[in-house]
Structure formats: structure tokens, C-alpha cells
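J.: Residue numbers (our numbering), protein chains in the order written: chain A, 1 to 283; chain B, 1 to 283.
Keep in mind the hints are simulated off the structure, nothing from the lab. From the three backbone atoms N, C-alpha and C, an ideal C-beta is built for every residue, glycine too. Wrong hints could be hidden among the right ones.
Stated by the list, open to error - Straight-line Cα separation of at most 30 Å, DSBU-like style, residue types lysine-lysine; simulated pairs:
#	chain 1	residue 1	chain 2	residue 2
1	B	Lys123	A	Lys277
2	A	Lys45	A	Lys24
3	B	Lys123	B	Lys277
4	A	Lys253	B	Lys45
5	B	Lys123	A	Lys123
6	B	Lys277	A	Lys123
7	B	Lys123	B	Lys45
8	A	Lys235	A	Lys253
9	A	Lys253	B	Lys253
10	B	Lys253	A	Lys123
11	B	Lys235	B	Lys253
12	B	Lys277	A	Lys235
13	A	Lys235	B	Lys253
To be verified - Label-pair distances were calculated between CB atoms; the ranges are:
#	chain 1	residue 1	chain 2	residue 2	range
14	B	Glu124	A	Pro151	44 to 52 Å
15	B	Ala103	A	Asp243	35 to 43 Å
16	A	Gly112	B	Lys235	56 to 64 Å
17	B	Ile250	A	Ser47	41 to 49 Å
18	B	Ala2	A	Glu258	40 to 48 Å
19	A	Lys24	B	Glu266	33 to 41 Å
20	B	Lys235	A	Lys24	50 to 58 Å
21	B	Ser274	A	Lys24	32 to 40 Å
22	A	Ser274	B	Ala41	28 to 36 Å
23	A	Ala41	B	Lys235	55 to 63 Å
24	A	Ala28	B	His199	47 to 55 Å
25	B	Ser54	A	His166	52 to 60 Å
26	B	Glu173	A	Lys45	50 to 58 Å
These are the residues of each chain, in order.
There are 2 protein chains.
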Amino acid sequence: MAMETVAIVGVGLIGGSFGLALRKTGFAGEIIGVSSPAAIAAGLKRSAISSAASLDLALIRADLVYLAQPVDRILETIPLMAAGLRQGTLVTDAGSTKGAIVACAEAHLRAGCFLGGHPIAGKEQRGPDAADADLFRNRLYVLTPRGPDTPQIGDFRTILSAMGAHVMEMSPEEHDHTLAYTSHLPQLLSTALAATLAHDGDIRLSQVFGSGLLDMTRLALSSPELWTSILRTNKREVEAAIDAVVQVLIGLKANLGESETANTFEQATAFAASIRKRAPAKP
Amino acid sequence: MAMETVAIVGVGLIGGSFGLALRKTGFAGEIIGVSSPAAIAAGLKRSAISSAASLDLALIRADLVYLAQPVDRILETIPLMAAGLRQGTLVTDAGSTKGAIVACAEAHLRAGCFLGGHPIAGKEQRGPDAADADLFRNRLYVLTPRGPDTPQIGDFRTILSAMGAHVMEMSPEEHDHTLAYTSHLPQLLSTALAATLAHDGDIRLSQVFGSGLLDMTRLALSSPELWTSILRTNKREVEAAIDAVVQVLIGLKANLGESETANTFEQATAFAASIRKRAPAKP
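Please take these sequences and the hints and turn them into a complete structure.
T.: Now the structure itself:
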């Protein structure tokens with residue numbers, strides 16, 4: 001492929017995994033890490049990156065810039081790249097919301113040089129030590145192109161396919177609507193459940209429970225820092241999703257143990273079963 | 001022990017597992033199944049029971065009657081036992097709510113012959129084919145005694161300990177308050193989440209998701225029939241639990257991406273981490 005040098009900005013779980021996965025596809029060029037000293041050290045040790053540089057120096061050489069920071073940091077990084085970005089370099093990101101990031105790129109970068117992306121992949125552990133060359137394999141990878149493919153975008157698609165990712169295209173708006181319901185709402189329900197039990201103050205609530213409570217509070221372990229900017233950049237969609245689930249909860253409350261409850265349970269069971277038929281195998 | 005004959009009413013996952021676990025403790029007496037023909041056949045095949053009888057005939061011989069039906073069925077069975085129950089027979093149950101069942105037993109059965117119980121154990125599969133001699137091992141088993149222990153209650157405690165269960169005592173009211181938050185609310189949140197996504201109608205909502213949505217909709221696969229009577233017999237506590245989580249959700253909605261969100265996330269993370277320190281190892 002035409003890409004000889006790749007810069008990964010933010011060498012954490014996603015950035016480190018992208019570096020390892022890129023090597024696994026046979027990529028022999030340089031992978032420059034732009035990150036904190038600790039992340040650089042860990043990324044070099046794992047061979048997820050092959051060198052380190054500042055953002056400005058990395059931009060001079062990179063054919064592909066992969067922004068793998070949290071959403072708020074990506075929004076800070078994009079304007080800093082405006083001056084130094086070479087003609088022909090593709091910038092793409094792995095941020096969890098797309099509307100604000102794509103708008104930011106369109107405001108600050110030349111048309112055609114940015115491609116929004118979101119790998120629907122992750123694990124509980126964070127950081128480059130948890131990086132995994134197969135993190136994207138058999139996982140969805142959403143792209144939000146705004147124009148026709150350039151040769152660079154074609155090369156990036158080829159890389160993602162070689163990593164085993166299933167690429168799916170949609171607009172930034174469609175992405176943010178969808179993820180509000182399938183990712184941000186589940187996160188908020190898990191967090192709200194754990195916070196509700198914490199507030200109650202009855203010690204038995206942290207003693208008498210089965211595996212269901214553990215399942216339902218796993219997402220609540222997620223880092224607040226990551227989520228603050230996800231929620232801030234998808235406010236309207238997430239507000240609508242909260243309204244929708246609160247309506248369903250109020251409907252359940254009004255009919256506890258009546259046949260209406262059974263109807264809601266049946267719709268829910270059917271949906272939960274249907275996504276298990278489509279779901280890629282869990283790692 | 002003094003118990004020579006045990007009757008299991010409802011030979012499903014819990015009843016069948018109780019029979020297998022009882023055998024594993026070395027119990028050599030008869031285990032009479034009282035259940036549907038299909039459940040009896042499966043229970044005999046698994047050796048979870050050693051014979052079958054009608055409820056009336058089982059009562060003539062049983063020293064211990066283990067009610068392992070859904071809550072609504074237990075409430076139907078208890079009054080039917082009033083006439084035939086021998087002096088000295090202990091009746092206990094495995095129902096998911098305790099207030100209504102204990103009140104029903106106190107209204108229909110002699111004082112001291114009933115002991116409410118709830119094994120906090122289960123699995124996704126149902127029925128006697130899924131029965132497991134170790135289902136109760138290292139799991140909580142709540143008992144709700146209303147008076148001093150009789151010799152029969154002492155024998156039953158010994159059986160539960162021999163099965164590896166961790167016995168915990170509380171009042172029926174404390175049980176129902178606690179489980180409203182740690183079991184019934186998680187179930188309703190999972191069901192409400194899946195129903196909300198089903199209602200939206202956007203096909204992407206069943207296509208673009210990660211493992212978090214699978215975790216959060218696992219409970220939604222539960223059977224509506226079981227849950228209707230659980231919710232009906234714990235209405236007030238569950239209503240309060242729904243109100244509490246809706247308040248938290250509305251608070252999150254009002255401050256999406258602000259520092260108040262981060263506070264709620266931190267409380268939730270701390271609670272979710274704390275129950276993982278206490279939680280018995282998952283099967």
C-alpha cells in the first residue's frame with residue numbers, strides 16, 4: 001500500500017491495538033506514537049509503535065494519522081493539526097461520538113483529508129498494556145465518510161479489512177442516534193442502577209444479590225473521564241433515549257404484574273434474542 | 001438426620017437442583033417429585049427424584065416439603081396443604097418474594113411448620129434438564145424464620161450447609177426490600193432497555209452494538225411468566241425502586257457531560273467495584 005508511515009495519537013487500548021493489528025497485517029513501515037511518556041514506553045515495549053514524536057514532527061512524515069484519544073482530546077487535537085498537515089495525509093479517528101468530531105474536522109482541516117471512524121470494540125482493561133492485535137477482528141467498524149473515497153481512504157479501508165473488522169458506513173448523525181441507544185443508554189442505565197443502590201444506604205443491597213446484578217453493573221465500572229465528553233457531544237440524542245426508557249419504566253410501574261407488563265417483557269425478550277442471533281462471537 | 005422422606009413440589013431448575021444436591025450430601029431416603037408428567041420424567045431420569053406422587057399422597061409421607069414453583073403457584077399450593085399436613089413436617093419454599101408467601105403460610109398452615117426461603121442462585125436455562133447438584137454451592141440462601149428454630153428447621157439448616165450454601169437470615173420485609181433493588185430493578189432495567197430499542201424501530205439499533213448491550217439485555221431474556229407474579233407480590237417495593245432509578249436518570253439527563261454526571265459515575269463505579277469484592281465466584 002501507499003501508506004509508509006502511520007502516526008497514532010493516543011497510545012491507549014485502542015491506539016495500541018491499532019498499532020499491533022497494523023503490524024499483524026504485514027505493515028513494515030514506521031508507526032510513530034504521539035502520547036504521554038508512560039504510554040509511549042508501554043507502546044514501544046509492546047511493539048505497538050516503533051518510535052515516538054511530538055504531534056508537529058509526526059505530521060511532517062505521517063501518511064495516516066490515527067486519533068485514538070477520548071472524544072474531548074480529539075476535539076482539542078484536530079485544530080492543532082491544521083497548520084502542519086501535509087497534502088495527501090489522511091486523518092481518521094476512533095472517537096465514540098461522530099457529529100462533533102466530524103464538524104470540528106470540517107471547520108479546521110482541508111476537505112477530503114478527514115474520515116470519521118468508530119471501532120465498536122473494547123474491553124474492561126484500559127491502556128496500552130491491554131492492547132490486542134485482534135481487538136478489531138470480527139467487530140463492527142463504523143466509518144462516516146462525507147464525500148467520495150480518495151485513494152488514501154481506499155487504503156485505510158483495505159487496512160481495516162485486513163485487520164478482520166466489518167466496516168459499516170453511516171452518516172455521523174445516524175451513528176450518534178444509534179449509539180445513543182445501543183451504547184450510551186446501556187451505560188447510563190448501568191451507572192444509574194449502581195448509583196441508586198449506593199444511595200439507598202442499606203448494607204444488604206451490597207450483600208444479597210446474584211449474577212444478574214453483576215452483569216447489570218459491569219458497565220458502571222467504566223471511567224467517568226471517558227464518558228463525560230461522550231455524553232456532552234451527544235446530548236440531544238442521549239436525552240431523547242433517556243426520555244424513551246423512562247417512559248417504558250413508568251409504564252411498567254403503572255402495571256406491575258399485569259398483562260401489560262407481560263407484553264413489554266415479551267417485546268424485550270424478542271429483541272434481546274434477535275440481537276444474539278446477529279451478534280459476532282464474544283471474545 | 002431425622003428427615004427420611006422429602007417431597008419436591010415443582011421439579012424445575014431449582015427443585016431438580018435441590019434433589020441432586022440433597023443426594024450429593026449423602027441423603028439416602030426417598031425424594032418424591034410432585035410436578036407435571038414431563039418434569040417428573042426428566043427428574044427421574046436425572047435422579048433428582050426417586051418417585052412421584054400427587055401432593056396429597058406426598059404429604060402423608062414427607063418429613064420435608066420443598067416448594068420450588070413460581071411464586072403464584074406456591075401461593076396456590078400452600079392452602080391445598082392445610083388439611084393433609086402431618087404434625088412435624090416442615091414446609092419450606094424457594095420463591096423469589098417472601099412477604100406474600102409467608103403471609104399465606106401463616107394464614108393457612110399451623111404455626112412453626114413453615115420456613116420461608118430464597119436461594120440466590122440460578123442460570124439462564126430452565127427446567128430439570130438444567131438441574132445442577134452444585135447450584136447452591138457458594139451461593140447465598142436467604143431464610144426468613146418467624147419464630148425460634150424447631151428441630152426440623154435445624155435439620156434443614158444442616159442440609160443447606162452440607163450443600164455448600166451460605167445461609168443468611170432476614171425478615172420477609174427486609175428480603176423483599178433488598179431484592180427489589182438487587183434483583184427486580186436490574187430485571188426491569190434490562191427489560192425496559194430491550195423494549196425501548198425494540199420500540200424505536202430503527203434497524204441499526206439491532207445491528208450496531210458492542211458487548212455492553214449484550215450484557216445489559218441478558219436478563220431481558222427471562223421468562224415473563226415467572227416475573228409477573230414476582231412483580232405483583234412485591235409491588236410497593238418495586239414501585240419505590242423504579243422511582244429511585246428514574247430520579248437518578250432524570251438527574252443524569254439534566255447534567256449530561258457536566259461535573260454532576262461525573263459525581264454519579266464515581267458513586268456508581270465505587271458501588272460496582274465494592275460488590276465485586278464481596279461477590280462469590282461466578283459459576
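J.: Give a verdict on every hint.
T.: Results for each hint:
The suggested pairing of B/Lys123 with A/Lys277 holds, with an alpha-carbon distance near 20 Å, which does not exceed 30 Å. As the CA atoms of A/Lys45 and A/Lys24 are separated by approximately 16 Å, the hinted pair is consistent with the 30 Å bound. Taking the CA atoms of B/Lys123 and B/Lys277, the gap is about 21 Å. The hint holds against a cut of 30 Å. Distance hint between A/Lys253 and B/Lys45 is unfulfilled; the C-alpha atoms sit about 42 Å from each other, more than 30 Å.
For the proposed pair B/Lys123 and A/Lys123, the alpha carbon gap of about 24 Å is at most 30 Å, so the pair holds. This hinted pair checks out: B/Lys277 and A/Lys123 have alpha carbons roughly 20 Å apart, not beyond 30 Å. In summary, the hint linking B/Lys123 to B/Lys45 is supported, as the alpha carbons are separated by about 20 Å, within the 30 Å threshold. Distance hint between A/Lys235 and A/Lys253 is fulfilled; the C-alpha atoms sit about 26 Å from each other, no more than 30 Å.
Of the pairs offered as hints, the one joining A/Lys253 and B/Lys253 holds, with about 20 Å between alpha carbons and a cut-off of 30 Å not exceeded. Using a Cα cut-off of 30 Å, the hinted pair B/Lys253 and A/Lys123 holds, with the two alpha carbons roughly 26 Å apart. A C-alpha spacing of about 26 Å is found between B/Lys235 and B/Lys253, which places the hinted pair at or below 30 Å, so the restraint holds. The hinted pair formed by B/Lys277 and A/Lys235 fails the criterion: a straight-line CA distance of about 34 Å is larger than 30 Å.
With a C-alpha separation of about 8 Å, the suggested pair A/Lys235 and B/Lys253 falls inside the 30 Å cut-off, and the hint holds. The hint said 44 to 52 Å for the Cβ distance between B/Glu124 and A/Pro151, and at roughly 49 Å that hint holds. The hinted range of 35 to 43 Å is satisfied by B/Ala103 and A/Asp243, whose Cβ atoms lie roughly 38 Å apart. A beta carbon spacing of about 60 Å between A/Gly112 and B/Lys235 agrees with the range 56 to 64 Å that was offered as a hint.
Judged by the Cβ atoms, the range 41 to 49 Å given for B/Ile250 and A/Ser47 holds: they are separated by roughly 48 Å. Between B/Ala2 and A/Glu258 the Cβ separation comes to about 44 Å, which falls inside the hinted range of 40 to 48 Å. Evaluation of the 33 to 41 Å hint for A/Lys24 and B/Glu266 yields a pass: the beta carbon distance comes to about 37 Å. The hint said 50 to 58 Å for the Cβ distance between B/Lys235 and A/Lys24, and at roughly 55 Å that hint holds.
Separation of B/Ser274 from A/Lys24 is about 38 Å and conforms to the stated range, judged on CB atoms against 32 to 40 Å. Checked against the given bound of 28 to 36 Å, the beta carbons of A/Ser274 and B/Ala41, roughly 32 Å apart, stay inside it. As the Cβ distance of A/Ala41 to B/Lys235 is approximately 57 Å, the hint placing it in 55 to 63 Å holds. Taking the beta carbon of each, A/Ala28 and B/His199 are about 50 Å apart, inside 47 to 55 Å as hinted.
Between B/Ser54 and A/His166 the Cβ separation comes to about 57 Å, which falls inside the hinted range of 52 to 60 Å. Checked against the given bound of 50 to 58 Å, the beta carbons of B/Glu173 and A/Lys45, roughly 56 Å apart, stay inside it.
Checked against the numbered hints above, the structure breaks hints 4 and 12 and satisfies the rest.
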